[in-house]
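2 protein chains.
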Amino acid sequence: MAIENPYYTHEFHGDYDLIGIGQLDLEEGGSIPDCRLAVATFGTLNQARDNAILVTTWFSGTHQIFRDVYIGPEHALNPEKYFIVVVDQIGNGLSTSPHNAAGANAGIAMSRFPHVRIGDDVVAQERLLREHFGIEQLQLVTGGSMGAQQTYEWMVRFPGKVKRAAPIAGTAQTTPHDFLFGRALVEAITSDPGFKDGEYSSNAEVEAGLKRHAGLWAVLGFSTEFWKQEAWRALEFDSKEAFLEGFLEPYFTAMDPNDLICMVWKWQRGDVARHTNGDLSAALGRNEATARIIPINEDMFFPVRDHEAELELTPHATIRVIDDVLGHLALFGIAPTYIGQVDQYLQELLDAD
Amino acid sequence: MAIENPYYTHEFHGDYDLIGIGQLDLEEGGSIPDCRLAVATFGTLNQARDNAILVTTWFSGTHQIFRDVYIGPEHALNPEKYFIVVVDQIGNGLSTSPHNAAGANAGIAMSRFPHVRIGDDVVAQERLLREHFGIEQLQLVTGGSMGAQQTYEWMVRFPGKVKRAAPIAGTAQTTPHDFLFGRALVEAITSDPGFKDGEYSSNAEVEAGLKRHAGLWAVLGFSTEFWKQEAWRALEFDSKEAFLEGFLEPYFTAMDPNDLICMVWKWQRGDVARHTNGDLSAALGRNEATARIIPINEDMFFPVRDHEAELELTPHATIRVIDDVLGHLALFGIAPTYIGQVDQYLQELLDAD
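If you read the sequences in order, they're chains A and B.
So the first sequence is numbered by the working numbering: it starts at 1 and just counts up by one.
So the second sequence is numbered by the working numbering: it starts at 1 and just counts up by one.
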């Protein structure tokens with residue numbers, strides 16, 4: 001460990017395996033000498049190795065939310081039928097990340113961590129699935145937000161391997177607005193004198209910056225209407241301040257600043273058109289998977305129309321819109337009406353040939 | 001002057017008068033001993049003193065934008081017909097404000113400036129109009145954003161004095177989302193070590209915080225679609241970064257941090273229901289003015305539906321929606337199609353009995 005952080009442990013994140021995939025050379029140059037992916041699996045891989053589903057993770061998220069909300073015999077992501085592999089993204093604090101880089105990775109700890117791209121994650125995931133599990137084709141790739149970015153990257157990079165795809169609340173090409181939002185997120189953290197150019201000795205030293213970062217998520221992560229309707233009351237908070245202090249702030253202050261920054265950098269530069277000299281239409285045109293593009297209607301920064309624009313360019317894709325006043329952070333599955341919509345849209349996709 | 005700031009001068013803001021209205025006792029307690037309002041007038045007050053229009057200013061704005069964009073013989077705000085009085089809000093750097101408090105106001109300079117509410121501004125404006133100009137009735141009160149808040153306050157506090165009203169892109173009661181956005185704006189500034197709890201000696205010392213503040217306006221002041229369409233190209237910038245560095249950042253870094261914070265505090269707490277024990281319907285029910293409620297369709301933080309909710313509660317009001325991809329900052333009048341819509345909606349209101 002470069003530094004200790006009790007949040008990124010089995011105590012907080014339950015069962016998962018750390019699986020080494022060897023050296024990962026990165027698109028931006030440099031490499032991760034000993035890349036380890038945190039992986040949680042559900043269900044059993046069949047003999048034909050053809051019942052696998054890959055689930056990718058979002059900014060600041062881990063496999064945990066999928067285990068708790070999305071996966072189960074009552075859900076479309078049914079472990080009694082499928083072998084579901086949730087791979088934590090590089091930099092999320094469980095997989096190889098700035099704060100936990102040690103041993104062979106000691107040279108890239110903390111502020112020295114190299115830039116990682118969505119494509120690096122997908123290359124790492126493909127290697128993991130092929131070399132570790134012997135999986136050559138996926139019944140479904142799905143994920144929300146940055147997980148949607150990874151899903152699109154799979155569709156474009158490995159079209160023959162993806163039978164179905166469901167990017168949720170995320171785009172194939174990061175929008176300039178998202179880039180600017182990401183910039184504000186980073187600045188909220190790096191402007192904290194405790195950040196010390198990434199060489200703090202504990203995330204607690206950057207608490208003020210992490211709280212400001214949480215405050216930006218309050219403004220854009222939820223919809224204007226979420227706040228107006230006081231929808232946080234469903235979580236049994238008495239005021240919006242109590243909700244911030246009891247939910248959003250502790251969620252982010254537990255995390256590692258460099259890890260968050262690593263993920264923001266990656267998010268800001270997600271772009272499948274890197275495969276086709278900037279031609280988004282040509283990139284998305286590579287898709288062979290039957291796809292459901294699933295935006296959230298109240299999303300403030302991945303708005304429905306940005307999904308619709310990419311839908312136009314994606315063969316074999318249809319759109320299903322989730323209705324949820326939470327906005328982007330509907331992904332947490334807080335609203336009782338949320339997961340049923342996801343299950344419906346994924347199930348109809350899984351039922352399709 | 002508590003401190004010098006060349007932005008708040010006639011050189012930058014053209015002709016305006018500083019008119020003293022005496023001591024202003026404030027709703028939150030305390031007072032401004034020598035309250036001076038910066039006032040720009042256009043046209044001539046007729047003998048009956050019944051051709052006056054009051055224009056109120058928004059967060060960080062001054063009378064200047066109205067002179068440059070909204071007022072003229074070719075506009076609904078026609079100085080050949082009306083006597084148009086633009087009153088700079090308290091704290092905007094031209095009227096009495098933290099950074100310019102001196103003389104009798106020396107005791108409330110900088111961090112000691114008292115909290116000012118929208119109602120204080122409107123009381124000050126009414127006194128100014130009555131005592132200085134002898135105006136008892138207004139043909140129209142209008143303003144955008146925080147200017148809309150002041151317009152609503154006029155409608156509720158002085159219903160007999162307002163013949164017509166046109167709140168643009170702003171609400172009678174600040175939404176919780178706006179409150180949180182305001183909090184993020186303040187924190188971007190106060191987290192700068194150069195802010196020194198409001199006792200900096202020059203706004204230049206707070207440049208980093210002011211730039212972060214500008215960065216938040218980039219994310220919420222413009223729409224997602226503004227950035228996607230690269231609508232800033234119309235202003236002859238080559239990149240979004242150049243637009244930020246050449247437009248938004250210099251706009252805000254020229255300003256005074258305490259002044260901005262004074263205005264945010266006021267914005268966050270705008271609420272006409274303070275007159276009616278929290279009953280918004282009862283408050284808006286006091287309105288006697290013929291009103292046009294004028295949201296901007298792409299506004300990220302004063303969304304149309306928040307205007308529609310208040311429209312329901314406001315007698316004599318109808319809604320007209322401005323179509324502008326800029327979002328909230330359409331108010332700057334950058335899009336060539338913007339001012340024509342405002343003129344149309346204000347003209348039809350002025351033509352109404």
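Fair warning: there could be bad hints in the mix.
Listed next, the in silico SDA-like pairs over lysine to any residue satisfying Cα-Cα at most 25 Å (straight line) [claimed, not checked]:
(1) A:Lys240 - B:Gly278
(2) A:Lys228 - B:Thr318
(3) A:Lys196 - B:Gly278
(4) B:Lys240 - A:Ser281
(5) A:Lys228 - B:Arg286
(6) A:Lys81 - A:Gln139
(7) A:Lys240 - B:Pro176
(8) A:Lys240 - B:Phe179
(9) A:Lys228 - A:Val304
(10) A:Lys240 - B:Ala102
(11) B:Lys161 - B:Lys196
(12) A:Lys240 - B:Thr276
(13) B:Lys228 - A:Ala204
(14) B:Lys81 - B:Gly43
(15) B:Lys240 - A:Thr190
(16) B:Lys196 - A:Ala204
(17) B:Lys228 - A:Glu205
(18) B:Lys240 - A:Ala309
(19) B:Lys196 - B:Ala102
(20) A:Lys163 - A:His75
(21) A:Lys228 - B:Asn297
(22) A:Lys240 - B:Thr190
(23) B:Lys228 - A:Lys81
(24) B:Lys240 - A:Arg274
(25) B:Lys228 - A:Ile319
(26) B:Lys161 - B:Pro176
(27) A:Lys240 - B:Ala309
(28) B:Lys228 - A:Gln139
(29) B:Lys228 - A:Leu313
(30) B:Lys163 - B:Phe301
(31) B:Lys196 - A:Glu126
(32) B:Lys196 - A:Glu205
(33) A:Lys163 - A:Gly194
(34) A:Lys196 - B:Val186
Just a few of them, taken from the derived set where beta-carbon distance is under 8 Å, the chain B residues facing chain A [stated by the list, open to error]:
(35) Gln47
(36) Arg49
(37) Asn51
(38) Pro303
(39) Glu308
I should point out that these hints are in silico values taken from the structure, not numbers from a laboratory.
Quick caveat: nothing in here was measured; it's all calculated off a predicted structure.
All residues carry an ideal CB built from backbone N, CA and C; glycine is no exception.
Does the structure keep lysine 228 of chain A and asparagine 297 of chain B at a Cα separation of 25 Å or less? It holds: about 18 Å lies between the C-alpha atoms, which stays within 25 Å.
Quickly compare the C-alpha distance for lysine 240 of chain A and threonine 190 of chain B to 25 Å and report which way the hint goes. holds (22 Å)
Is the interface hint for glutamate 308 of chain B satisfied, with its Cβ closer than 8 Å to some Cβ of chain A? violated (12 Å)
Have a go at the arginine 49 of chain B hint: is there a Cβ in chain A nearer than 8 Å to its own Cβ? violated (41 Å)
Given the hint that lysine 228 of chain A pairs with arginine 286 of chain B, test it: the Cα-Cα distance must not exceed 25 Å. holds (23 Å)
Given the hinted pair lysine 240 of chain A and alanine 102 of chain B, is their alpha-carbon gap at most 25 Å? Violated: lysine 240 of chain A and alanine 102 of chain B sit about 38 Å apart, past 25 Å.
Straight-line Cα separation of lysine 228 of chain A and valine 304 of chain A no greater than 25 Å? holds (21 Å)
Restraint check for lysine 228 of chain B with lysine 81 of chain A, where alpha carbons must lie at most 25 Å apart: violated (41 Å)
For the pair we were handed, lysine 81 of chain A and glutamine 139 of chain A, check the Cα-Cα distance against 25 Å. holds (11 Å)
Given the hint that lysine 240 of chain A pairs with phenylalanine 179 of chain B, does the C-alpha gap stay at or below 25 Å? holds (10 Å)
Straight-line alpha-carbon gap lysine 240 of chain B to serine 281 of chain A, limit 25 Å: holds (23 Å)
Verify the proposed pairing of lysine 240 of chain A with threonine 276 of chain B, using a straight-line Cα cut of 25 Å. Since the Cα atoms of lysine 240 of chain A and threonine 276 of chain B sit roughly 23 Å apart, the hinted pair holds (cutoff 25 Å).
Going down the numbered hints, you'll see the structure goes against 3, 10, 11, 13, 17, 23, 26, 28, 30, 31, 33, 35, 36, 37, 39, while the others check out.
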